[in-house]
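2 protein chains.
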Amino acid sequence: MAWTRELSPLHDAREYDVVVSAGEQITAGLTAIALQAIGVSARSWMGWQIPVHTSAMHGSARIENIDPTALDERLEQGMTAVVAGFQGIAPDNRITTIGRGGGDTSAVAVAAAIKADRCDIYTDVDGVYTTDPRIVPKARRLEKVAYEEMLEMASLGAKVLQTRSVEIAMLHRVPVRVLSTFKPEAGGTLLCDEEDIVEKKPVTGIAYSRDEAKITLLRIPDRPGIAAAIFDPLADAGVNVDMIVQNVSEDGRKTDLTFTVTRGELARALDAIEKASGAIGYRELKSDANVAKVSVIGIGMRTHAGVAQTMFRTLAEKGINIQVISTSEIKVSVLIAEEYVELAVRALHSAYELDAA
Amino acid sequence: MAWTRELSPLHDAREYDVVVSAGEQITAGLTAIALQAIGVSARSWMGWQIPVHTSAMHGSARIENIDPTALDERLEQGMTAVVAGFQGIAPDNRITTIGRGGGDTSAVAVAAAIKADRCDIYTDVDGVYTTDPRIVPKARRLEKVAYEEMLEMASLGAKVLQTRSVEIAMLHRVPVRVLSTFKPEAGGTLLCDEEDIVEKKPVTGIAYSRDEAKITLLRIPDRPGIAAAIFDPLADAGVNVDMIVQNVSEDGRKTDLTFTVTRGELARALDAIEKASGAIGYRELKSDANVAKVSVIGIGMRTHAGVAQTMFRTLAEKGINIQVISTSEIKVSVLIAEEYVELAVRALHSAYELDAA
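Just so you know, the sequences run in chain order A and P. Just so you know, we're using the numbering used here here: the first sequence kicks off at 147 and counts up by one. Just so you know, we're using the numbering used here here: the second sequence kicks off at 147 and counts up by one.
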């Protein structure tokens, strides 16, 4: 909140939480009043009243435990509970907030605590799409998405739900429906167990992220311990490394290594590498912030072969060079020049037959 | 708050408290951040964190008990506590607010709980004056006021502090200093015990209230039980009666009775009397909302004679008719036509030698 920054750029995160949690307090109270006005027996609960126990990491606390007693009692009486999202209490009884998008996480965590049949999230989009409709007008809304697919999509840039909320839903097997606040009748998308999805296409969706930067170290010694010499200083600097590729060395003595970080962490990453240059011993350090990551995701990959090949062939046909590849059981990601990202996403969307009729 | 009224005119007072208490939550957090920014080790406490136990009367709850443990611990370490005013928790753990001016009451109650040497209240005026300076430019700021005097002044319309805060200060003997937020160097006014005031003038100040209405019942039976027949229905209707005067009956059979209520309660009072007209048996019911109450207040009255006489003579000299009189140990109040209120206050201020040199 701008007020807290005005007062002090290095403000106390605990007091910041006191200030920003007041917003959800007001919303919860007003929601209860609005529901009562249409005849619904509603009451509000703050995080500390339930209580929603979190870690002490103010500003981005982790929900650890929610006592369902008060809510269960309320619901058994056929009445309605309005729970202020985004907030909880730390072990020392101070107010915490659970970070950006924390409202979703609160909702799913409460649903898990009371063992709800389903958690409906009303948001600004009407569901999860096969890809970003701003890039691919033929993108289709998915009726169902498996938790694991959603996790990959969320972490790859499809910002419908906060990753943590999907993790909690998966862990407690809470079906979550994402609906538009403005046109709920559109139907939304249901997040569910893999087993609840009957027709498993090889690829469910195409995700992309422009928040990528590539770092390459040329001519590093090809010896045991070199990875630690590079990645330990990065970890110490708080830099998250995503994709990593190491070339096969030509002469068995020197090799090249490429990895990716988010753009915001590029300067910090380069600084950490340069400070460790003595221990690493590279000849040249190169970086490129004009890269993007494109990923195809689908639980169907587990049983369908040839998904990666289709991706590589499709990109090759469009003349798009793949710089780095990484794969998981249900995902293939490639790093490409940022200027090709729309072209790549559209081509892949067609290639996997995801286009709407 | 206007939002709650927009949603529902008959909103749930418990949810209203959730909404409006968020304001002090934000202020407390920001204050702690601002203090930290200038090097003060401050932290905030909400009502529920201390906790400040109140009655369950949402919107105008009464502070019942404040646990000083957390604050004492903090202060013993030489650190600063910022307590959100105006709020507490009800026995069922829901947020309460303590009504208009509740911030003062919270401050004095916290000061009493931690046995503070003094409670300083920074407000929009620089102290308590001998009377309203808007009416009497020669009004003087009082260095000291006794709790009892302040109680009379507060309830009579000098709205510097909430009555409840003065009651708590008096009960726990907490010296309270009222200071201007904008020019604290002006010195303010100290509320203290009567014994701490050395020079006791007969009159300390002149208060007035325009929020008055007069009701007269003509020719009621002069018999035992008539007062109950009139005032019981008023009490049942929630009307507070202030001044009462009953004429001596001429013939021992019929008499007249006059009493005052606040203007806001006039319609309700007349309605209650009319409904009980059969049991009372008056000939005529008259009311007048164009009246005001002027009071002279001073602990010095206990030892100085002739205070009331000076008042009556001064008003008579200005041709002001006294409609009703009521007195207490440290106060004389008269009801007059509202149009004379400024004249009366100015004349009395001079008569009791309160004018600034």
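It is possible that some hints are incorrect.
Partial list, derived from the structure: chain P residues whose beta carbon lies under 10 Å from chain A [unchecked claim]: (1) I172; (2) T177; (3) A178; (4) L221; (5) M225; (6) V228.
Result set (SDA-like, lysine to any residue): computed pairs, CA atoms no more than 25 Å apart in a straight line [stated by the list, open to error]: (7) K261(A) to R310(A); (8) K329(P) to L153(A); (9) K432(A) to R448(A); (10) K329(A) to L153(P).
FYI, nobody ran anything at the bench for these hints, they're computed from the structure. C-beta atoms are modelled at their ideal positions from N, C-alpha and C, and glycine is treated no differently.
Status of the hints after comparison with the structure:
1. I172: holds (5 Å)
2. T177: holds (9 Å)
3. A178: Holds - the Cβ of A178(P) comes within 10 Å of chain A, reaching about 4 Å at its closest.
4. L221: violated (18 Å)
5. M225: With a minimum Cβ separation of about 13 Å from chain A (threshold 10 Å), the hint on M225(P) is violated.
6. V228: Constraint on V228(P) satisfied, holds at 9 Å.
7. K261(A) to R310(A): holds (18 Å)
8. K329(P) to L153(A): Holds: K329(P) and L153(A) sit about 22 Å apart, inside 25 Å.
9. K432(A) to R448(A): violated (36 Å)
10. K329(A) to L153(P): Satisfied, since the Cα-Cα distance of roughly 22 Å is no more than 25 Å.
When each numbered hint is compared with the structure, violations occur for hints 4, 5 and 9.
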